[in-house]
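Chemist: Here is what each chain is made of, one letter per residue.
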Amino acid sequence: MRESVSDSPPDPVRSRRDFIALLGTTASTAWLATIWPPAIADARDAAQAASHGQTPRYRALTEQQAEDFGAAADRIIPRDDVPGARDVGVVFFADHLLATFAPTRKPAFDRALVALNQAARKRVPNATSFASLPPIQQDETLRSIETTDEFNLLRTITIGGYFSHPSHRGNRNEAGWKAIGFQDRMSWTPPFGYYDQPDVMARLLPWMRG
Amino acid sequence: MTRDVRQSPSVRYAPTDEVDFAIVGAGAAGGVVARELSRSGFRVLVLEQGPYLRESDFKHDELLVSEGHQLTNIPALQPQTFRKTAADKAERRDYIIYGRMVGGGSVHFTANYWRLHEEDFTERTRYGSVPGAALEDWPIRYADLEPYYTRAEWELGVSGLAGANPFDPPRSRPYPLPPLPIKPSGVLMEIGAKKLGWHPAPSPMAVISKPYRGRSACQHCGFCESFGCEWKAKSSTLATMIPEAERTGRCEIRPNSYVRRIQTDSRGRVTGVVYFDAQKREIMQRAKAVVVCANGAETPRLLLMSASNQFPNGLANSSGAVGKYLTFNGGAFAGGLFEHEVNGHKSVQVSRYLQDHYRLDAKYGIVGGGGIDFRFDWYPISFASDALPTDGPRWGTEFKRMVREYYTRTAYALAHTTQLPQEASTITLDPELKDAWGLPAIRTTFTEHPNDMKLYQFFLERNLELLNAAGATRTWAFSLDAPWQVHLLGTCRMGNDPKASVVDKFHRAHDVPNLFIVDGSSFVTCGTGQPTMTIQALAFRAAEHIARFARSHEI
Chain F
169 MRESVSDSPP DPVRSRRDFI ALLGTTASTA WLATIWPPAI ADARDAAQAA SHGQTPRYRA
229 LTEQQAEDFG AAADRIIPRD DVPGARDVGV VFFADHLLAT FAPTRKPAFD RALVALNQAA
289 RKRVPNATSF ASLPPIQQDE TLRSIETTDE FNLLRTITIG GYFSHPSHRG NRNEAGWKAI
349 GFQDRMSWTP PFGYYDQPDV MARLLPWMRG
Chain C
-5 MTRDVRQSPS VRYAPTDEVD FAIVGAGAAG GVVARELSRS GFRVLVLEQG PYLRESDFKH
55 DELLVSEGHQ LTNIPALQPQ TFRKTAADKA ERRDYIIYGR MVGGGSVHFT ANYWRLHEED
115 FTERTRYGSV PGAALEDWPI RYADLEPYYT RAEWELGVSG LAGANPFDPP RSRPYPLPPL
175 PIKPSGVLME IGAKKLGWHP APSPMAVISK PYRGRSACQH CGFCESFGCE WKAKSSTLAT
235 MIPEAERTGR CEIRPNSYVR RIQTDSRGRV TGVVYFDAQK REIMQRAKAV VVCANGAETP
295 RLLLMSASNQ FPNGLANSSG AVGKYLTFNG GAFAGGLFEH EVNGHKSVQV SRYLQDHYRL
355 DAKYGIVGGG GIDFRFDWYP ISFASDALPT DGPRWGTEFK RMVREYYTRT AYALAHTTQL
415 PQEASTITLD PELKDAWGLP AIRTTFTEHP NDMKLYQFFL ERNLELLNAA GATRTWAFSL
475 DAPWQVHLLG TCRMGNDPKA SVVDKFHRAH DVPNLFIVDG SSFVTCGTGQ PTMTIQALAF
535 RAAEHIARFA RSHEI
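So the sequence lines, in the order shown, correspond to chains F and C. So for the first sequence, the working numbering puts the first residue at 169; every next one is plus one. So for the second sequence, the working numbering puts the first residue at -5; every next one is plus one.
Honestly, the hints are just simulated from the structure, not real lab data. We treat Cβ as the ideally placed atom computed from N, Cα and C, and that holds for glycine. Hints may contain errors.
[To be verified] Each computed DSS-like pair below joins lysine-lysine, with the alpha-carbon atoms no more than 27 Å apart:
1) C:Lys428 with C:Lys188
2) C:Lys188 with F:Lys346
3) F:Lys274 with C:Lys282
[To be verified] If you want a taste of the chain C side facing chain F, the calculated C-beta under 7 Å gives, among others:
4) Pro173
5) Asn337
6) Met396
7) Arg398
[Said to hold, decoys possible] Label-pair ranges, simulated between beta-carbon atoms:
8) F:Asn341 with C:Lys78: 32 to 40 Å
9) C:Asp385 with F:Asn341: 32 to 40 Å
10) C:Ala81 with F:Asn294: 47 to 55 Å
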C-alpha cells in the first residue's frame, strides 16, 4: 500500500480517504457555505481586486509559496502530451483550499514548503528556492523527501487540484479528467467498455447465451 | 448544508404531544420502521441528527462528499477515538463512518443487497465454542426472515436474477426487477470464474434497472458509492420509504434533531427523548414508545448516555452487552490491469459477485467464509491517490503515465467476509473527548480475532487468483488493515437470554417494555458479507411485531 499521509493510519487497505483524513479533521460544514457555490468567493475576489485596482492572485499563498508549490506540483504531475499540474490551476486550487475550507492546514502547508526549500538547499547550497532549480535537481530534491508527511501533503493537494471538480478552481477545462478518460456525465449506455460489447461477449463468454 | 426544503410537511407534532412512536434515526432501518408504523395507523415522529437533503443537493463532486462530509458524520463536530485493546490509550481517530442525513447510509451505500444464508443464523451450532469468540445462534432463523427479505426487495426495489447464484438461500419470490447490465468487469469475472470452476451471478443491487413505483431507472452515471443518486434510482429510504411515510399524514420527519438521551420514569418505562435542535436547544419530546435505529455505533452510545439511577450501566444494559461484540465484516482487496477498456467508472460499481467460498471447507481450519465481487469504486482523486500498484511510482512522469493508462483498464476484486464477535470489541463512551454538543465521543475498541486475519489472507489469494484467471496482465494486493469501517454490527445483539443479550427476537429491549432497537446493532453475528439487506428485512419484521404489540396493548 502506498505511503499514507500524516493523519491517516499507516498502511491502510484503501487509503483513498487519505485526502479526507489529511484535511477532514479540521474541516467543518462552514466550508460548504464559503465555497458552495464557488461564485461567492469569486465575487469576493473580484470585489477585492476592484478595490485594490489589481488582478486577483492569491488569498492564502505568498508569491514565493505559489512559485515553489507550483514547481513541485509540476514535477508530481508533469506536463506531457497533456497539461501538467500548474497548467490546470493546481496552485489556485491550493490557494482556494487553504483560504476557505481548510485554513487550519495552512501551517502544515507552510512547513512542507520550508522542508522543500531546506531539501533543495541541501542538494544545491546556493539555491535561492526550490522553484529556481532546474527540473532534474527538483526531482532529486523531491526524491530525497518522498517518504515524508511534508511531501505527501504536497502530493495530495496536487492530485486534488488536478482531478477535483473544476468548481474548486483546479482541473481547468476538465483537463485532468480528460487525461485519464473520465467524463462527468449524468448517464451512460452499454456497452460501457471493450469487454461488454455484444460481439466480444459472444466470443469471450460462449457459454452465456441470451 | 442544513436545509429543509419540504414544501408542506404532512404533519407536525409538538414536543408536548405524546406521539405513539419516536424513532431515533431516519436511515436504512428507521425509514422502514417509520413507513410501516405510520401506515399501520400510528402517530410517528422520526428524529434525525442530519439534514434533510434532496436529489438536487447531490453533486458529482468528490470533495463535497469526502472533504465536505455532505452525507456522513462530520469529524470536526463529532470526533472519535480508537484503540486496539482496553489496555491501550485511545487515540484521536475517526474510525467509524455512517450516513448522517435523512435516509442515512442507504443514501450513499454501494447498494449491494445480499441476503444472509441459512447457516449465518446458526454459527454457534455449526462451529461450537471457538476460543476467544462469542459466537451465538440467532434467536430467529432464515425461514423467519425470508418473507421480510422478499418484502424488502419488492417494497424498496431491487434488481437481480433469482436462481442465478447456486448458493443463494431459498426465496419465495423472484426479484421485482431484472439485473442491471453486465459491466466489462462483470465479463472479466465470468471469464476468470469459468476457468476456476466458480459460479458468478448478477449482483443483487438496490438500484432499479427499470422504472419502478414512480422512480426512474438507473442511468449508469457511475456515482453510487459515497454519493446520493440524483435519479432516485438507488432505493434508499430517502427515495422510497420516507416519502411514503410522510404521505400517510401521520409521520413527521424532523431533521437536524440530535437525540442525546432517552428519558425514563420511575417505573422504568421510556417517556420520550431529549434532543438538541438545529440551534442546540434541548427539547424533550414525549412518546409512548421509542424505537432506536441510530446504527451500530450511535445506538449503543445513546443507550450508554441514557444511564440513570435506575439504569446505572446504561439503558437496557442489565446484561452488560450494550456496545459489545462489535463487528464490521472483514475483507480483502486486490487490483488487476487488463488489456482493453474496462471503464469501471460507468454504471453501478458492481455487476457480478460469487459465493463459492461462503462457508470454507473444514480442511482449511478457518471459521466462516465470504463472497467476492468485481468492482470499480474509485473516483478520479481517490484513484490517482491510491488505486495503483503499491510498489509503483507515486509521482512524476511515470506515475502520471500509469494513472492515465490504468484508469480505464483496471478492475478490482473485493471480498466481504465473516468476522467473529468478541466481547472485548466495543463501542463505549470516551471518558475525555466530547463532541461539539458536549457529549462523550464514540470510542471504538477493536482487534480482529486471529481467525479473521486467516480469512482475509485466504480471500486475498482468491482475489488474485480470480483476477489472474480473468486475464489480468498485472495484479496487486492491498493491505489487509482497514483504515475505517462502515458496517456497524452486533452492539445490541438480540437473544432469548436477557442476561446475555439486549433485545429479544422482536427487537424489544429485555429491560424496558416500550423500548425497541432495530438496526445493525441487533445482529448476533455479522454474517458473511453485505448487511444492509438484513438490517432492512429485520426492520420490516420488527415493525410488524411492534404494530401488533401496540394494537393489542402489549407495549
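Chemist: Regarding the hint that Asn337 of chain C lies at the interface with chain F, is the smallest CB-CB distance below 7 Å?
Modeler: Status holds, d = 4 Å.
Chemist: Take a look at whether the Cβ-Cβ distance between Ala81 of chain C and Asn294 of chain F falls inside 47 to 55 Å.
Modeler: At 53 Å between Cβs, range holds.
Chemist: Holds or violated: are the alpha carbons of Lys428 of chain C and Lys188 of chain C at most 27 Å from each other?
Modeler: Given pair Lys428 of chain C, Lys188 of chain C is violated - Cα atoms ~53 Å apart, limit 27 Å.
Chemist: Regarding the pair Lys188 of chain C and Lys346 of chain F, is the alpha-carbon distance no greater than 27 Å?
Modeler: Not satisfied, since the Cα-Cα distance of roughly 35 Å exceeds 27 Å.
Chemist: Confirm or reject the claim that Asp385 of chain C and Asn341 of chain F have a C-beta distance inside 32 to 40 Å.
Modeler: Once the Cβ atoms are compared, 33 Å apart, the range 32 to 40 Å for Asn341 of chain F and Asp385 of chain C holds.
Chemist: Between Lys274 of chain F and Lys282 of chain C, is the straight-line Cα distance small enough, at 27 Å or below?
Modeler: violated, 51 Å
Chemist: At a threshold of 7 Å, is the proposed contact between Arg398 of chain C and chain F supported by beta-carbon distances?
Modeler: Where the cut-off is 7 Å and the nearest Cβ of chain F is about 5 Å from Arg398 of chain C, the hint holds.
Chemist: So, Pro173 of chain C near chain F? Judge it on the closest CB pair being under 7 Å.
Modeler: violated, 12 Å
Chemist: Is the interface hint satisfied for Met396 of chain C? The criterion is a beta-carbon contact with chain F at less than 7 Å.
Modeler: With a minimum Cβ separation of about 10 Å from chain F (threshold 7 Å), the hint on Met396 of chain C is violated.
Chemist: Given the hint of 32 to 40 Å, is the C-beta distance from Asn341 of chain F to Lys78 of chain C inside that range or not?
Modeler: Given about 47 Å between the Cβ atoms, the range is violated.
Violated hints, in rising order: 1, 2, 3, 4, 6 and 8; the structure is consistent with all others.
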